[in-house]
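Student: The task is simple: from the sequences and hints, build the whole structure.
These protein sequence lines map, in sequence, to chains A and B. Each residue of the first sequence is one higher than the one before, starting from 577 at the first, in our numbering. Each residue of the second sequence is one higher than the one before, starting from 2 at the first, in our numbering.
Any given hint might turn out to be false.
[Unchecked claim] What follows is a set of in silico ranges between Cβ atoms, one per label pair, in the way DEER data are often shown:
| no. | chain 1 | residue 1 | chain 2 | residue 2 | range |
| --- | --- | --- | --- | --- | --- |
| 1 | A | Leu833 | B | Asn3 | 39 to 47 Å |
| 2 | B | Lys28 | A | Ala675 | 55 to 63 Å |
| 3 | A | Ala675 | B | Asp161 | 48 to 56 Å |
| 4 | A | Val674 | B | Lys149 | 46 to 54 Å |
| 5 | A | Val653 | B | Thr211 | 45 to 53 Å |
| 6 | B | Leu86 | A | Asn635 | 26 to 34 Å |
| 7 | B | Gln68 | A | Val674 | 46 to 54 Å |
Everything labelled a hint here was simulated from the structure, so no lab data went into it. Beta carbons: idealized from backbone N, C-alpha and C, even for Gly.
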Amino acid sequence: MELLAFEFIRRAIIVGILLAAVLPCIGMIVVLKRLSLVGDALSHASLVGVTLGILLGMNPVIVSIVVCVIAALLSEVLRKYIPNFKENAIIIILSLSVALSGIFSSKIKSSVNFTSYLFGSIVTVTNTDVFIIAVLTILVLSVFVLLYKKLFLITLDEKNAILSGIPVQKINLIFTIVTAITIAIASKTIGVLIVSSLMVIPILCAMQISKSYFTTIINGIIFSLIFTITGIILSYYLDLRPGGTIALIAVCSYMLLLLKKQ
Amino acid sequence: MNSIIEFKNVSFAYDKHNKVLHKVNFKIYENEFVAITGPNGCGKSTLLKLLLNQLKKETGSITIMEQEQHYNYQVMAYVPQNVGLLFQNFPANVYEVVGMNTKKTKQQVIEMIKTVGLEKQIKHRITQLSGGQMQRVAIAKALINQPKILVLDEPTTGIDKESMVLLYELLHQLSKNGTTIVMVTHDLAGCKNYITKALCLEDAHICELTKETIEDELLHKHRHQVEEWNY
Ligand SMILES: Nc1ncnc2c1ncn2[C@@H]1O[C@H](COP(=O)(O)OP(=O)(O)OP(=O)(O)O)[C@@H](O)[C@H]1O
Ligand SMILES: [Mg+2]
Chain A
577 MELLAFEFIR RAIIVGILLA AVLPCIGMIV VLKRLSLVGD ALSHASLVGV TLGILLGMNP
637 VIVSIVVCVI AALLSEVLRK YIPNFKENAI IIILSLSVAL SGIFSSKIKS SVNFTSYLFG
697 SIVTVTNTDV FIIAVLTILV LSVFVLLYKK LFLITLDEKN AILSGIPVQK INLIFTIVTA
757 ITIAIASKTI GVLIVSSLMV IPILCAMQIS KSYFTTIING IIFSLIFTIT GIILSYYLDL
817 RPGGTIALIA VCSYMLLLLK KQ
Chain B
2 MNSIIEFKNV SFAYDKHNKV LHKVNFKIYE NEFVAITGPN GCGKSTLLKL LLNQLKKETG
62 SITIMEQEQH YNYQVMAYVP QNVGLLFQNF PANVYEVVGM NTKKTKQQVI EMIKTVGLEK
122 QIKHRITQLS GGQMQRVAIA KALINQPKIL VLDEPTTGID KESMVLLYEL LHQLSKNGTT
182 IVMVTHDLAG CKNYITKALC LEDAHICELT KETIEDELLH KHRHQVEEWN Y
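Tutor: So, in structure tokens, the structure goes:
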């Protein structure tokens, strides 16, 4: 493991492990609510934040957190107005984000490397990034553990959850905000185009083999850890982009699982 | 005797021209097992939604255990129409679905699952159950907190005769033990021996059928249908 001698690889692996633990927790709820595309919409919204941040000369990550939260809340509102076509709300956010990030980026004079945002730059993370992501991990995991039962009941049957006295709207709001923050932060390291797949695909894999809700989450995290770590190692030896490699491994594994099931 | 549920002059319309309920009155008492019937689109599900506070009535009053629109999970539980649709793709097992809804002990949850006859399937994923078994999971989930009132919307659609009888017997037993049952159904003929009364909804009005009048109603309906077929 001469690989681990490099500081940047060690940091990449730490960040990879943290995100791999966090993203499937969010992904589980998102998949079960049939809002799998929300990850894509919000990661594109984070790109709007990044471009806007650079334009205004502010910290791109902070601006993208703000933009992501606004986009997430906006999609909730839109969903209320078009209740029978939930996915259309997401497409609207996605289109709006692509449009705005396109416009903002055309105004930026400096030679910022956008591909690093699109496909991630997990091997260039700084110590500050590691710290931010560690805090995020603790936040998301504690919200997820604290709301475990309630989120289960809401995703299974929202109307009955309301009847049982669960504060459904409040919990949905908390969950939406946590999702937005996670995606904004994960987008920077793992890549705008890849964050959504790492959120959803490990859970889809886990659903193929698990016998319960709890084991689906645990297996989802295990899958996600395997994808991330092998992705980082392979990308180092084959000189590939880590984000893309991770996503490719995830998709291939899912295909193999599907084939095995047939 | 005090009623558990009372509708007093309740009116409701989705739009101005079509009244779904017009000054509807009825009372349901403790230990009753009530069937609500009526043709498609007459407003049965709407009536349940009003009862469950998912829709707001226009006029009149709805009281539950002497209180106006006061609910918590120990008072009322609900088994929705199309349970299969809700359970579709949800990767949880039977124990989790029933146990997640309660602070009861593991043993009590297992007891509840036995009551609905699913002890063999306790570790099975709900997606792998049959329609009737899913229905029973939803009933166990609703009953685990011992609600005073159990509301079911067409629980027998897509269920074979045998499971239907088992379900009616279970509901009958529950009603004798103190749970008031309100069930929307198209199967008045099948459940008539188990229920205490039927509420028949038609043209925005309700008429109450006792055990004696149900037979007449069924016969009348039958004759009506035969006449229609003959023309
Ligand atoms: N969300 C809605 N908006 C407008 N009208 C509605 C709505 N839901 C139901 N209706 C109308 O109200 C009437 C009663 O509908 P409801 O769903 O209560 O019928 P139902 O008795 O449950 O029928 P079924 O036996 O088919 O389940 C119908 O005429 C229907 O067209
Ligand atoms: Mg109905």
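Student: None of the hints should be skipped; say for each whether it holds.
Tutor: Quick rundown of the hints versus the structure:
1. A:Leu833 - B:Asn3: 39 to 47 Å: violated (58 Å)
2. B:Lys28 - A:Ala675: 55 to 63 Å: Hint holds: Cβ distance 59 Å, inside 55 to 63 Å.
3. A:Ala675 - B:Asp161: 48 to 56 Å: holds (54 Å)
4. A:Val674 - B:Lys149: 46 to 54 Å: holds (53 Å)
5. A:Val653 - B:Thr211: 45 to 53 Å: holds (50 Å)
6. B:Leu86 - A:Asn635: 26 to 34 Å: violated (45 Å)
7. B:Gln68 - A:Val674: 46 to 54 Å: holds (52 Å)
Violated hints, in rising order: 1 and 6; the structure is consistent with all others.
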